[in-house]
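Novice: Chains as they are written, first to last, in the working numbering: chain A, 1 to 695; chain B, 1 to 695.
Take these hints with a grain of salt, some might be off.
[Unchecked claim] Distance ranges between label pairs, derived from CB positions: (1) 429/A / 603/B: 47 to 57 Å; (2) 490/B / 576/A: 49 to 59 Å; (3) 23/B / 341/A: 42 to 52 Å.
[Said to hold, decoys possible] Here are some chain A residues pointing at chain B (derived, C-beta under 10 Å): (4) 243; (5) 275; (6) 597.
In short, the hints are calculated from the structure, not lab data. Every residue, glycine too, gets a C-beta built ideally from N, C-alpha and C.
Number of protein chains: 2
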Amino acid sequence: MTSMKLILAATTALTLAATGARAEEGMWTFDNFPIARANETLGTSIDQAWLDRVRLSSVKFGGCSAGIVSGEGLVMTNNHCVATCVANLSTQAVNYAETGFTPRTREEEVKCPGGTAEILTDISDVTERVRAAGEGLTGQAYNRARDAEIGRIETEACGDATDKRCQVVTLYRGGQFKLYTYKKYTDVRLAFAPEDRAATFGGDLDNFSFPRFAIDAAFIRLYENDAPAVTATHFVWNADKPVEGTPVFVTGSPGATQRLLTQDQLFTVRDVVLPLDQLIASELRGRLIRFSEESEENAFIAMDPIVGLENTYKRGLGRMRALTDPGFMATRAEGETDFRRRVVSNPELARSAADPWGALTTIQPIARELYPAYALLEGGTGIGTTPVAGGSQLFLWARTLVRGAQERAKPSAERLPEFGDARLSGVQSALFAERPTYPALEQVRMEWWLSKTREWLTVDNPAVRGLLGRESPEELSARLIQGTTLADPAVRRALWEGGMAAVEASDDPMIKYLLSIQDETRAVRSDWETRVQAPTDQAAERLAAARFAAYGDTVYPDATGTLRLTYGKIEGSDVPGQRWGPFTTFAGLWDRATGSAPFDVAPKLLAARDEIDPDTVLNMTLSSDTIGGSSGSPVVNARGEMLGANFDSTVLTQRNAYGYDRNVNRSVIVTTGAVTVALRDVYDMGRLVEELGVD
Amino acid sequence: MTSMKLILAATTALTLAATGARAEEGMWTFDNFPIARANETLGTSIDQAWLDRVRLSSVKFGGCSAGIVSGEGLVMTNNHCVATCVANLSTQAVNYAETGFTPRTREEEVKCPGGTAEILTDISDVTERVRAAGEGLTGQAYNRARDAEIGRIETEACGDATDKRCQVVTLYRGGQFKLYTYKKYTDVRLAFAPEDRAATFGGDLDNFSFPRFAIDAAFIRLYENDAPAVTATHFVWNADKPVEGTPVFVTGSPGATQRLLTQDQLFTVRDVVLPLDQLIASELRGRLIRFSEESEENAFIAMDPIVGLENTYKRGLGRMRALTDPGFMATRAEGETDFRRRVVSNPELARSAADPWGALTTIQPIARELYPAYALLEGGTGIGTTPVAGGSQLFLWARTLVRGAQERAKPSAERLPEFGDARLSGVQSALFAERPTYPALEQVRMEWWLSKTREWLTVDNPAVRGLLGRESPEELSARLIQGTTLADPAVRRALWEGGMAAVEASDDPMIKYLLSIQDETRAVRSDWETRVQAPTDQAAERLAAARFAAYGDTVYPDATGTLRLTYGKIEGSDVPGQRWGPFTTFAGLWDRATGSAPFDVAPKLLAARDEIDPDTVLNMTLSSDTIGGSSGSPVVNARGEMLGANFDSTVLTQRNAYGYDRNVNRSVIVTTGAVTVALRDVYDMGRLVEELGVD
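Kindly produce the complete structure, drawing on both the sequences and the hints.
Specialist: Take a look at the structure:
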């Protein structure tokens, strides 16, 4: 069977927009890419061999995307995708964010702590197995049975292999399950990063906007057996001046879209999820900004966290704006009305769909009630962005150790899914990685988290009483952070390997604390999974099936952090609040620079000003359908040559989470031409230019 | 004519709720209080003489309410209403917020800097004069002409009198204009304040909630000619144990409600106004919290600003919750539907109303577009809560000096209304008051404001370019704050008295800065007034007239910060998330105390524990219709005796801004019994107890 027939047989797939995907809409899987339609829309002639080459040249690097650009494992991604690596390798004295990381020889390229990179080698369908596992079950039992089956499939496929990862991907909100197999690299070295300011010119203010002037590019190198990896294929570097209207493809791993949510579900996001996430993030931002102003040292350690937080926050603002835009919401409501009309007017379809809208409507009051506790205590995985414990690394390590020990005492199928056998090696490599922690920063994070949790859930909430006892957020955070020894990777390794016995015998206060709050926090998670997640999943599957029946084959699944291909053209924008041509140049950068941060040109870049042709295109925009996670995605032309890397999109584009809008959706790209100039004329990285095959 | 006939004649008044006010709903003016209905609802028998006595015993104190409780000018209000006075009188070494302010003799009572108190002595109708002034005009001309006429009325009535204030109050959104005349006291002395923690036990966490355990009470004394004021009348102090179900009246000056907004207007508040205000306030809160953690000194100077900000922020959260509560919004939508149906079904009414909903709908996209600039640059007066310059006192003084000089060069009728002749004495007394300023705190405020303004309006906005030039928010703030001498009241007085010549000759950087940004900021204000405010006012007047025609005489105006009377009963609450009896006691306070801030009992209060009958009622709740500004409002029984002072309401009650909901609306009261205990048994203020006439 072809994959399309499979979908039809299962009647579980769906279209995204109510009226089916339009030209240039869709983050398509590589096993279901609409080759003919793309070629027709763009006037290109790509084929299956082209798709395979592009897929095998595409890399997932942490939460980012990247592309292989040489036969010796060299990979280009965004600078912001290596920012945490750069921060981990830096000290206040030797700060690569300030100087750039420019190793003179390949031997000076340094391993990124905890860094992993993956190439998608195989996709196979496991829908029937997963669906069979959940048959006849409801609530948490339904989810747990499926999770267990997924864990078994992953373990069977990958076993103990350390150079592979197997992942069952849920597509079409449960309409399809596919086993993705990756070639995995755990030795990833930093090969080049520019001065941070060269990549972040304009800072948070220019983030999610255009015109833009940022060399947001960096290089890593994949290693295998302590030698540069030899991969199956790679992109050809094309640094020619880009041309408006050129058809392009963007290959990467967009993180998450919620295009299949019903209007009622979106209202919950608008009314409850985003306000909570954004309001408390804004306070954390204020605390961190003031913290960073207190000393040079604090400025150094808070820089990476602030950039990350501001990025998430501004994205959230764009989403709030989408959900409170009467025009956008009206279009979406019309789509839903049309869809419901089609279902209701077809008796058989109406019967099998069993009113999924009504079911989802019924769940919303519960979701609204439970979301704050779920977000604050368990991170609201997959729906919001609230970082548990404010992202305190020490807290999160302790949680992994405590839960990991508790879960590993059970058979894999009965565990929390993130501790299934197939996931353990990933958990371990994150846990054992050498990373600096900064107690002062950890204190800011935990204080904020405890105080916001107490505020939103109220003092009299039993979980809050369990969390705080009679201590204040400030006292409790200080006691745990000052007393813990988990900053030492050897301590973490010993506790992990010692299992439950070691964890229970530990007198580390952070470990003891995490042990003490498991009842409350697990109950919150279980409540959400039983009363919200499981019934939502079941209704979403019926909705997906109905949508496919109603709209036929112009279907693609929501983004899931897995490899996708999208297409479009090099194009500017001409709508209110967003009017510009497709290109910026170095001349524009010099013009925009005021000298005051964040509009100060990075010193080495400024010093090279006279070497650089001011008309070199720096950044450009595309009409392609991208979203967070697409950062670093290679932009390739119809010949499969790399023209740049996606690194951003505009604030208006953030509606993309809920629906593609061709008028406003624009991806922001750093060009290969600008990167070539940076390597050759600014950072003296001629050896990489040579490796890229530039004349 | 009776006032009701006047309203009918003008056909401009309106009901609040679509179906007319229900029992216990309404913040009524004293010249239109529904005596018969209140007596019927409560089983009381108050009369006009009772109303007059209550009115003349009621005091407006800054943004708060208060009540006269002795023949020697003693006035009770909330402690949080004197918090800024206490902060202004304190130093880090002698910090009355920590110790309480407990003068042993009347001579030790100290003047509150800039404090004024007012008693409403007369109300007269000036509707026809104001309406005539605007006839035939539109846009800003319409508003300016009316503002000018209002200024003339105020000046004619009060002249240069320093012991009176005349204010034309706009009622029913322009349906009525009344001239309010006040007896004004500019010598207001602090007579007693408890330890701050006694008034704020539970801090921000218990704020806007119940059960509650806060002695949020303080006393001021009105002075005239350097002697305690002799007022016409005063409340009798009744410290008896309160009884559930007792009919009560609350007299005070509720700040602002928006109950007459259409659904479309509310969506603008929900989608644009509250998110902006709350998100940026949350960041300021984070900055201030971290700032206050940096040193004892910072903790001292940030305490009052943080409390004020957290109060505004939590109120905003309650409002967001109301506007995103599907049930509440559905009820409101039904009301609007019913109202529109009544209007449309009456051809004459439909003609005269001229579709005010449609007009207001048309204005909303403009309001949504202009609000951010208006809020950030001009404080969005009356709609949001964004403090211009983050509330930097130095900036605001400079603005008053610069604009005051510019405006006073024109005839009164052509000025910005806040600089009309009738307002100048108020402007001056605020400007000349001796108040400490703290450069470090000013820096936090201005930095935040400049950076948020740049972020929300974007770097490329011309007003932002004007505001910042090539400086960063940090550099600019530091230069202005370090260079200005406006902290000295003599400097401010000289600049004010020197007028435009002095301002233009000044080389104070803050003055020069304010001069330099007048074009941009005034343009933003003018734009809002012309395109949003004026057409909104005109539509609101037609809406008000139509509503009155549709629903008859159960009408009261939106709160406007002027004296109102509301009524209800001593009553607990029994709805989800809000279930409790009407009383708390000292026993409950001892139980709730953990010893960790903010749940630590104030030291002097704790020391007196054995002296206090644990069953003494501390706080209680009422069903009366109150809102911010009602703080300090005397709670009186049918005999006109004072039983306590309003100091709060619950988070759910915050929907009160948009509609009264008898099920959830509860005002929180500190009892006269608890205040008597505090004075007598805790703070050794027997002389005040004696003055109150307690045996």
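Novice: Against the structure, test the hints numbered earlier, and report the numbers of the ones violated in rising order.
Specialist: Hint check: 4 fails alone, others pass.
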